[in-house]
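Asker: As a plain string of letters, each chain reads:
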Amino acid sequence: IYTKEFFLERLSYWAFVSAAQTLRPIKPPASHYLVFLFNSVSLSPEYSLSTSSPHRSPPSHSHRCRTCNRWCLSLLTSSGNVRLRDLKLQRDAPWSFLAVGAQLVAANPVELAVGNVVRRVLHIIREEDLSLATAAVAGLDLLDASDDDEDVNGKGIGYPGMSAAVVAAAARSTLRPPSLQTLLEGTPESATVPYTSSSGADSESKTADKSSITRKLKHDVIEGVNQLIHEIAGCHEQIAEQAIEHIHQNEVILTLGSSRTVLEFLCAAKEKKRSFRVFVAEGAPRYQGHLLAKELVARGLQTTVITDSAVFAMISRVNMVIIGAHAVMANGGVIGPVGVNMAALAAKKHAVPFVVLAGSHKLCPLYPHNPEVLLNELRSPSELLDFGEFSDCLDFGTGSGSPLLQVVNPTFDYVPPSLVSLFITDTGGHNPSYMYRLIADYYSADDLVM
Amino acid sequence: MESRRNPRAVVDPKVRQVGFFTSSQPDSTHQPDPIASESHPVASSISPSGNSLSPVMIPPPRHNSSDTFPLRAAAAAASAVSPSSFSYSTRRDFPDGSMTASPGRVSRASFSKPSSSLPGVGMDSMAAAKSSSVPASGLTTVSVVNMPPGLSEKESDQKKNSKPLKEKTTKAERRALQEAQRAAKAAAKAEGGKAPLVTSGSVASTNVKAAKPVKPSSQKNDVAVAAPGPSEKKGGQTEKDRKKDAPHPRMQYDDESRVVKAKRRAVVKQTEAKNRVELFRHLPQYEHGTQLPDLETKFFQLDPMHPAVYKVGLQYLSGDISGGNARCIAMLQAFQEVVKDYSTPSEKTLNRDMTAKISSYVSFLIECRPLSVSMGNAIRFVKNRIAKLPITLSESEAKAALQSDIERFINEKIIMADTVIVKHAVTKIRDGDVLLTYGSPTAVEMVLLHAHELKKKFRVLVVDSRPKLEGQLLLRRLIKRGISCTYTHINAVSYIMHEVTKVFLGASSVLSNGTVYSRVGTACVAMVASAFRVPVLVCCEAYKFHERVQLDSICSNELGDPNAISKVHGREDINYLDGLTNNANLQFLNLMYDATPSDYISMIITDYGMVPPTSVPVIVREYQKEHSLV
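Protein chains in written order, with the UniProt record's numbering: chain A, 1 to 450; chain B, 1 to 630.
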């Protein structure tokens, strides 16, 4: 199985990834380079798919895409190709992908969404693999399995002796906590996967055929990944749909940072004829707030730009704080743009709801440890101080001894779960304390440590 | 609180005093002890050795004034109607060495005294005091009149009128007096809010009424014209007067008729900013920079305005002078010039005319930039001094007296106070400390520099915020002195708070509910610090304390130039909002101050010592009394 060709491929991948790692300190973040690399790889004919997938060829502009969300999409489109290459190796599919994923994550550990998406894909692969395996087994004693199912949840009733995959899924659901079943039924991807497998089909007749199993697995996984792509692409709309339930007339909303999710959320409420006012903290030194304010104004929202220092002063007149997250940790903590913790504390003090919008791909199955330091990125001091003015005392890493002046310019801030009132994800609103449960739905426990 | 403290002071003077004590010991037999043991921070060259500072020391507010103003003292002595008045003679009895301390003690006795005249405990304690020793009752009198030993020599003649009179009162008379006081207090309580102050005022009024024929009318005048400053609580006023005296409501800029009226009077033609934030309609917001050239050309043709005041006004307007202390000193120095160049017009009295003049200057300064609390208090002081100039003084004498008064205010209340604060605060800095400060507070800067001079090893984190970026200036100065610094912006404060051991903040004002009114962002820093369990120390001179209360940062604040927000200085790449400034949907809010709730503050370091925020009203009360009855 482990041909010379495979190892060569693998080596070239590692070379790519390690090249990406060396690019880390360069701005824009290494993730862009990674995407670029993967795009170039996936575009090469060697890895093109036999089955046609609408998302196979990555968008040409993906190396320029900025937001986390888009980034995930491009990762997915490329990772789909990676996975397919790995799937040639049949049973070790998750493991080879895992290795690539680990490299991806290592390239920029702060971009937690990368790890999340890698884990999601791994989860899909595992699920499909397992469903095929159980199908093979269940093909032999189908009746027993369906009997069991009838006992447990009655699912098999409608489909006696039908798709093995469905039965397998049901069988698994009996073995696992019920939440997994809700995942399988609830999310579109899992709902469609059994159908495609059953319709694409004739699996019962050819279960013995190894190669057809592999092809089917590939196919299913591609479907699953496509579903995931759709899910991530559509998470803005999913979240924005809930805006009307949370924003009332004449509300005053504070936000900070620039998040497309927040923008869509607010605009969705505006489109429903709600009139409200938005305070935007400007978010020095990146001034993402200016960007958000510009777009809000362009959409006709009443917007007031305030300085970051005025957050506490204004919070007493604010009805709700809405922010977009960079990542949501398993304990319900949030990593967001710098300054978020301050706003959250102020909101807590004034009993103002602190609402975090996050697509489910932002859900990270890790528990944070010292996240302010370990999951942060320090940017250039030049954003804060003029190099020319302070050049005599700044640390350029060349002088001897400790410099008098240091400049700290972190990118992210950590908000502990106790300060978060509500998460609004594409699957609905959740408490911070429920996050660990969602995570159990989305990820396999085996993948948490990569 | 008063009722608890009072009997203790009388019945058991040796009780251990914790927290904010005034060391009032009405019994004259105990006098030597406090004098000997007390090393007064100001008097003893402000070196209360090391950490042995008592939690709070209330320096006798104006004891050295009698030394620094021989002229005043001499004048007072000369014009004293009855030099044999009790309090005066007691002071004289002390040997020279204790001269410095004793007035302080007397005034301190006066701090706690008005409470003894409150209903409830009043009767008993009064009786006890009387029975124990005659001097005690004498002191009571002093305190009720609120004799300000040093500063108020000018008034002491008036008081001396009342004092012998007082000594002659019989027990019955005193009881009657107490009844009157009680009634007055009830009335004051009904009026609400500032009960203790008013009480003491009214108490004083009952005593001194006859002796002060000049005071009330002129003072009411200046209150009416006075700037946003709060009213003075003075004696000799009826209920109606007191109502007039209630804090002058600040100009609310959403009241259109008044705005129009004010505009007609205005010297500075400010153009109102369009596109304002709805929540802050009540605050003035002008287009910045438009009126400055115009004013500059008018410099030589402005008849009513004194050039010194004009100059200061322009400096406020352009932002050349900022910071509570700097603005206050600049204003006071301008007033000194005004006084120097002043000559009383014919058929006018100096008191009234000069008060009116000052008022017009103040309103000009307000047009340039809203007053800070420090300035409000200083203006109040100046007007008080003017109003209380004895008519007997000639014009030149009065002018000299005023000038030296202002000088003394600057020296004593600002410069000296800062030195005391530094002495106190330095004791809180240890080797290895990581101190965080926000913006560019002058007092904190002095503390840091002094601690550095003392060879303490510490690191400073300078937190800064847009749009003023004052922290960079502080950073420059600290680095120049060789202090190791870390610079960051306010958003990163929770990132950096992990390593901080103490937070030192400055304040524009401390309000009597313990709220610290300061540069916008201070509240954020204090909040994050308290969330991380880091002690927050606020350095603020006592003259910036104010009796006002405030719960939020909305109701009273100052709006800065909105355009400072849309433009990011030195970052040309940030231009998202260019061309949108006139969009009706987009507003910029440039708040200048915010109010930090007292629960975030561990300690306030003032020239009276280190106090918890809950003790602010006490200092406000004492300070007010000292001021208003000067």
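To be clear, the hints were calculated from the coordinates, so they are not data collected in a lab.
Check the hints yourself; a few may be wrong.
Capping the alpha-carbon separation at 30 Å, the derived lysine-lysine pairs in BS3-like fashion look like this [what the hints assert, rightly or not]: (1) A:270 / B:455; (2) B:357 / B:340; (3) B:423 / B:480; (4) A:348 / A:272; (5) B:428 / B:455; (6) B:428 / A:349.
Asker: State the violated hints by number, sorted upward, taking the hints as numbered earlier in the document.
Answerer: 1
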